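Novice: Chain by chain, the residues run as shown.
2 protein chains.
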Amino acid sequence: MKLKEIGEFGWIDRIRGGCLIRQDTILKGIGDDAAVFFTLSDMATLVTTDLLVERVHFLKNATSAFNLGYKAMAMNLSDIAAMGGEPREAFVSIGIPQDCSIEYLDELYEGMKHLAAEHRVNILGGDTTGSKTDLILNITVVGTILPSEVLYRHAAQPGDAILSTGFLGNSRAGLHIILEGIPIDAPFLQKLVDAHLKPRPYVLEARFLASLGGVHAAIDVSDGLSSDLSHILKSSGVGAQLVAQKIPISENLKRFCARFSRDPLEYALSGGEDYTLLITVSPDREKTVREAYEKTFETPLFLIGWINDSQRLEMVDPSGALNEVTASGWDHFK
Amino acid sequence: MKLKEIGEFGWIDRIRGGCLIRQDTILKGIGDDAAVFFTLSDMATLVTTDLLVERVHFLKNATSAFNLGYKAMAMNLSDIAAMGGEPREAFVSIGIPQDCSIEYLDELYEGMKHLAAEHRVNILGGDTTGSKTDLILNITVVGTILPSEVLYRHAAQPGDAILSTGFLGNSRAGLHIILEGIPIDAPFLQKLVDAHLKPRPYVLEARFLASLGGVHAAIDVSDGLSSDLSHILKSSGVGAQLVAQKIPISENLKRFCARFSRDPLEYALSGGEDYTLLITVSPDREKTVREAYEKTFETPLFLIGWINDSQRLEMVDPSGALNEVTASGWDHFK
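Top to bottom, those sequences are chains A and B. Residue numbers are given in my numbering: position 61 of the first sequence equals residue 149, and the series is strictly consecutive. Residue numbers are given in my numbering: position 224 of the second sequence equals residue 312, and the series is strictly consecutive.
It should be emphasised that the hints constitute simulated quantities derived from the structure, not laboratory data. A few of these clues could be false.
The list makes no distinction among identical chains, and a pair is therefore deemed to hold if it is satisfied within one copy or across any two copies.
[What the hints assert, rightly or not] Cross-link-like lysine to aspartate or glutamate pairs, in silico, DMTMM-like; alpha carbons within 20 Å at most:
no., residue 1, residue 2
1, Lys116, Asp130
2, Lys220, Asp187
3, Lys322, Glu96
4, Lys116, Glu237
5, Lys375, Glu96
6, Lys322, Asp101
7, Lys116, Asp194
8, Lys375, Asp405
Please read all numbers here as calculations on a predicted model, not as lab measurements.
Please put together the full structure from these sequences, using the hints given.
Specialist: See the structure below:
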């Protein structure tokens, strides 16, 4: 079935179901010129927005519609998490090419709604329109946070420990498997592909960390460890020393790299879209924060290096040598 | 100059200037994973978002970059106005094809910033990315309003007067002049083109009307009078009777229609993108509201018909006959 058979307003009626999953504080969701809702008193408001364009950010035949919707929502939730915040309301703009079926779009919305509902995020509105060539998806998410708990990029301090909530480089390996058409003949390959297609945002973890005290700066790994950490360094006017042997590399990535003669460290440093959180924690709180995190989530919080006042990003390699790391993550225009 | 010469982050540094025009309540604008700000206490928050795609909503050679930016911002401010609200923060996502020059983008942002600054709206963030073919622009605007003053589509009541803040059909005539390549050999043709390319949002007027008391429902004319009024009727479960002779048609549109043998009423009813406000006002307040409005803004508030309980949209034509009006505005998929 094509959209023109049901029209723009038939379509809007179709997607409404499952959008509003938390009624409190909402005065109006989908169906007016703007959504109307209350923010929580004494809280600061967070807003993030991400634009995905077919053939730039995704290929329709390389992912399912469900996973595309899921990932688009995940990227935005991850941005709210990277501030330490709680995501609350989402707005979806979609530009739909004529040949796109309603069944495809239903699946896409299912993916978005599934992850939104998991985090109790409402879809309160958006814009639905046509597109000549490419499918276009822009999501805006509004979140909330206590002003004293915001984790800014500019708040890292010399002496801070640098920690990652998860493994790095998996998503990039998954992307290579997809782009190079490598047959998925083992479960570990599928897991790497899943890390790319269906990343999980560290929303609960971020709220926990922001409320602990002692966590200074945060960012999510969207462009790559070296690039995203560089944003913290530049914003904070500091430097950092990473320890190569401490950078968390999954067994799956190690197996992938062994089989295809790749360097896992290179994947971990410059591979993007892991959506793990990088945080910096004051040295006197580092042990407490790690222990509390590991007890609560039963998963490690990886210590990967330290902030210093050098203004440079360096790494101690396995031989003990100190090398400068260049920010080699993703730049959309280079 | 091309974007790849300065890169994504050079570009973000470039557009920062003129984005933050009101510092109070802002904790963080451009430059982190999300913007952080305070909303006003006891106020409800409004969010609207609009997606513009090249070759669907605009042709690059039919408008200037400045006017494109201006109009994209105007459409969003108009959506906040249509709720009676005050726009406060804007977020701009842009997908940029490789052949797009920095000079073009500078002009585009100038257009957005110009109108945003005029209404004291900050640009607090967004997303900048590539696009394979078409220029893509998605703007999200966050506004504020007293909960008791929100003008919902669903709030029209039988007996209400229906009023328009401005002339209808000008924008559609301007579009026809552009698309048909009609030479602009008279000022009235230029004015119609301007109405299409650089519509003005009725932001101050909306705030004034929402705070007066007695104004029930509102919508802005983006798809066309018949279509947008139908949204109010459907949402409110009511009908309406328009009076053909009262529908505000500008002298410019009359001259255009006379010269090109068109029906001005047809333009007024089904032409979109005028971005005038349609409001419904309780009968006992209609005269007071109109007089207060006209005294304040020194421009008429046009009475064009009445809400009734018929569930139909009808119009009294100049001969006195009553005809059903079909909602014939814009549907993006039909």
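Novice: Work down the list of hints and note, for each, if the structure agrees.
Specialist: Taking the hints in turn, this is what the structure says about them:
1. When the C-alpha separation of Lys116 and Asp130 is checked against a cutoff of 20 Å, the pair qualifies only between copies, where the shortest distance is 17 Å, while the shortest distance within a copy is 22 Å.
2. For a Cα distance limit of 20 Å, the shortest separation of Lys220 from Asp187 qualifies both inside one copy, at 10 Å, and across copies, at 18 Å.
3. With identical chains, the CA atoms of Lys322 and Glu96 are at most 20 Å apart between copies only, with a shortest distance of 15 Å across copies and 45 Å within one.
4. In this assembly of identical chains, Lys116 and Glu237 lie within 20 Å of each other by CA distance solely across copies; the values are 13 Å between and 29 Å within a copy.
5. With identical chains, the CA atoms of Lys375 and Glu96 are never at most 20 Å apart, being 54 Å at best within one copy and 37 Å at best between copies.
6. In this assembly of identical chains, the alpha carbons of Lys322 and Asp101 lie at most 20 Å apart only when taken from different copies (13 Å versus 46 Å within one copy).
7. Proximity of Lys116 and Asp194 under a CA criterion of 20 Å is satisfied in neither setting, with 23 Å inside one chain copy and 36 Å between copies.
8. Taking identical chains as interchangeable, the C-alpha atoms of Lys375 and Asp405 are never at most 20 Å apart, the minima being 24 Å within one chain and 79 Å between chains.
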